[in-house]
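There are 2 protein chains.
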Amino acid sequence: MTTPWKLAARAEKMNPSAIREILKVTERPDVISLAGGLPSPQTFPVTAFAAACAEVLATDGQAALQYAASEGYAPLRQAVADMLPWEVNPDQVLITTGSQQGLDLIAKVLIDPQAKVLVETPTYLGALQAFSPMEPQAVSVASDAEGVLPEDLSAKAADARFIYLLPNFQNPTGRTMSEARRAAVSAAAQAAGLPIVEDNPYGELWFDEAPPLPLTARNPEGCIYLGSFSKVLAPGLRLGFLVAPKALYPKLLQAKQAVDLHTPIFTQRMVSTVMRDGFLDRHVPQIRALYKAQRDAMVGALRREMRGLDVEFNVPKGGMFLWLRMPEGIDATALLARAVERHVAFVPGAPFYAGEPDARTLRLSFVTATEPQIATAIAALAETVREALAHRAAARMQQQQLAAAA
Amino acid sequence: MTTPWKLAARAEKMNPSAIREILKVTERPDVISLAGGLPSPQTFPVTAFAAACAEVLATDGQAALQYAASEGYAPLRQAVADMLPWEVNPDQVLITTGSQQGLDLIAKVLIDPQAKVLVETPTYLGALQAFSPMEPQAVSVASDAEGVLPEDLSAKAADARFIYLLPNFQNPTGRTMSEARRAAVSAAAQAAGLPIVEDNPYGELWFDEAPPLPLTARNPEGCIYLGSFSKVLAPGLRLGFLVAPKALYPKLLQAKQAVDLHTPIFTQRMVSTVMRDGFLDRHVPQIRALYKAQRDAMVGALRREMRGLDVEFNVPKGGMFLWLRMPEGIDATALLARAVERHVAFVPGAPFYAGEPDARTLRLSFVTATEPQIATAIAALAETVREALAHRAAARMQQQQLAAAA
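Residue numbers (UniProt numbering), protein chains in the order written: chain A, 1 to 406; chain B, 1 to 406.
For the record, the hints were derived by calculation from the structure and aren't laboratory data. Since we're looking at a predicted model, the values are computed, not measured. This list has only true hints and no planted wrong ones.
Each pair of labels, with its calculated beta carbon distance range: (1) 246/A to 13/B: 18 to 28 Å; (2) 12/B to 221/A: 13 to 23 Å; (3) 303/B to 246/A: 47 to 57 Å; (4) 338/A to 78/B: 28 to 38 Å; (5) 82/B to 13/A: 28 to 38 Å; (6) 114/B to 87/A: 38 to 48 Å; (7) 13/A to 159/B: 17 to 27 Å; (8) 303/B to 113/A: 47 to 57 Å; (9) 87/A to 208/B: 54 to 64 Å; (10) 12/B to 278/A: 37 to 47 Å; (11) 309/A to 86/B: 54 to 64 Å; (12) 371/B to 114/A: 51 to 61 Å; (13) 114/B to 179/A: 47 to 57 Å; (14) 137/B to 246/A: 28 to 38 Å.
Beta carbons: idealized from backbone N, C-alpha and C, even for Gly.
Same shape as in the complex, but just chain A (with noise of 0.2 Å):
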């Protein structure tokens, strides 16, 4: 006799995540993976973080081990109002299990089941993913190398719950949002009453300037903005932080209480402590210059292998994403098998849509991999590439041929 199980409707609907059922084939050690958004490993501050945990521990070992505020640590909580640019006050700040559950917890608190929600095209799959469970309609948002277009936002907004957006070297195509298109983007959704989930995980990451100034501090009643302390410090601690109007701030907080009570203490004091006499200031720079160099790695590979064969790509600002588009009528998902074949690993463009998928489209980092194995994961895709190409034009011939013959 087994026990009949039922799932929820939800649960029926989920699926494995794409992406990681991808970095599953792509983790064969021959693989070059160009795929993950891991972060270069040389850049977390082992020697500080190890300081930090017997420093912890010998000092106030008891109480960092023990239950905690849902809110998250105090210290830290202010140290992360500090080091925002606009005037925030620290009862404003929630530390979250990663921010990705800042994005859970927004949607538990904001979406109703058929509830509409903007993102833009395409949008980081991560949110999708974690808005999913509450049953959104998400909608995209016609967007180009700038991020959102203010028009189509305004066209859309009428009942959304709100816009989802990353304008700092956004996850998947690595564009920034300018300061014309924040300006305009902000006046809009403040005209049509749209608040702004903001997500900012890579900011700190620019490699010539900042960026302009969020979203969030030109209107932060309106806004709840998402920060990480994954891609400064390092990602396997899930540390993360949400800054929320106050009139939403208690259910966000509830909604945490119901999740995991708290975020571990003993991590948010190592941050803490690591983060102390301007730490952060001394060593983003080295991880800046290190994406830089990788960033040029790549792009110079992309200009030498690609030359000739019809595949277009931006030039990322900073972050860790480069997003490249096949010519006409190569699938990128489909072009994924034989690249593996050929040791390298990307990711497909089309799960970051909400909407109609660009099939032509792929995600590339440049943060995981060496210089040396970017050259020659760039050569292998190119190659790559160039098979497809020989196997679409044969493909046409044999149409041509056939529409001939008829």
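Following the hints, position chain B against chain A.
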């Protein structure tokens, strides 16, 4: 112009955690709190954790700070499988950010709005809070000192998604399900096709003999089992786990990915390292001995101080909590304000009931306060009860006089 945030219907219904709000009041340093469920910090193996942190960072620091698998750290999953008293495949173990997160994942995967979920009378408040955002109809199953009554379970099982049970040293009552009751409940659930969600955070904290086998061991395919490292190592790391049937595991994993990608890998490695070489076999008996002495201190104080006051209480065989029932006509929630005036705090029982609450009940923790504090606190609580009884007598006298005068 302010931006109109529209809350989801489920968020409109969210209320501040009753216990958290009470705990705020009781954080005053002059109050002895028997309210919180905080393990005694002197049981936290601070030195062992310090050694583990140093070792993990020295030997594999970069991997311990990188993104990691959503399923959890493989050696920790293996250790969990090895320590459970039935045949568990590590592939069925999902490491969670506290066992509270397990409840959130289960709710997402199994609860549709208005779906029926069965719980004990009373039940763990945190479970009600975790389930609540998925908007179930929580139905209270009649229970006695040995746990839920199988007949009432059978009567209410139709269309229920699962029954949530905490068989060992239950929060809030401290009661334990007997072997005979486990056999009957397991048989009744299987006969009704009713899945069981078994929560076992306190099972290792037995005083004289280990509790009977978990319900899950009797029918693994019909149960999800939740466990925690909070009570045997430290709660501030937020590390728990669930064991799920193979058919359900992928959905729970997908829900986990959407929530926080994975549980912090650094703390998983800390615990995995600390647990090597049978550490828990040496460590947990010390916790048992301490908590048993504190239970004895509280039971002794209650017998001494509550004599003649018509206060009922149990003698838990393990865990952290003891359950009191006040004399007829005494409301425990009203009593709390008076008790705090006498510098002692507890948790009223009412919020732990999914159905009609027994307003005379309250929960005491015997693990956080020291033995002398327990003696002082119970004496103060008895004074509070005595005062309430005097008020009750005066009120009754007045009523009788009014009745006689009428």
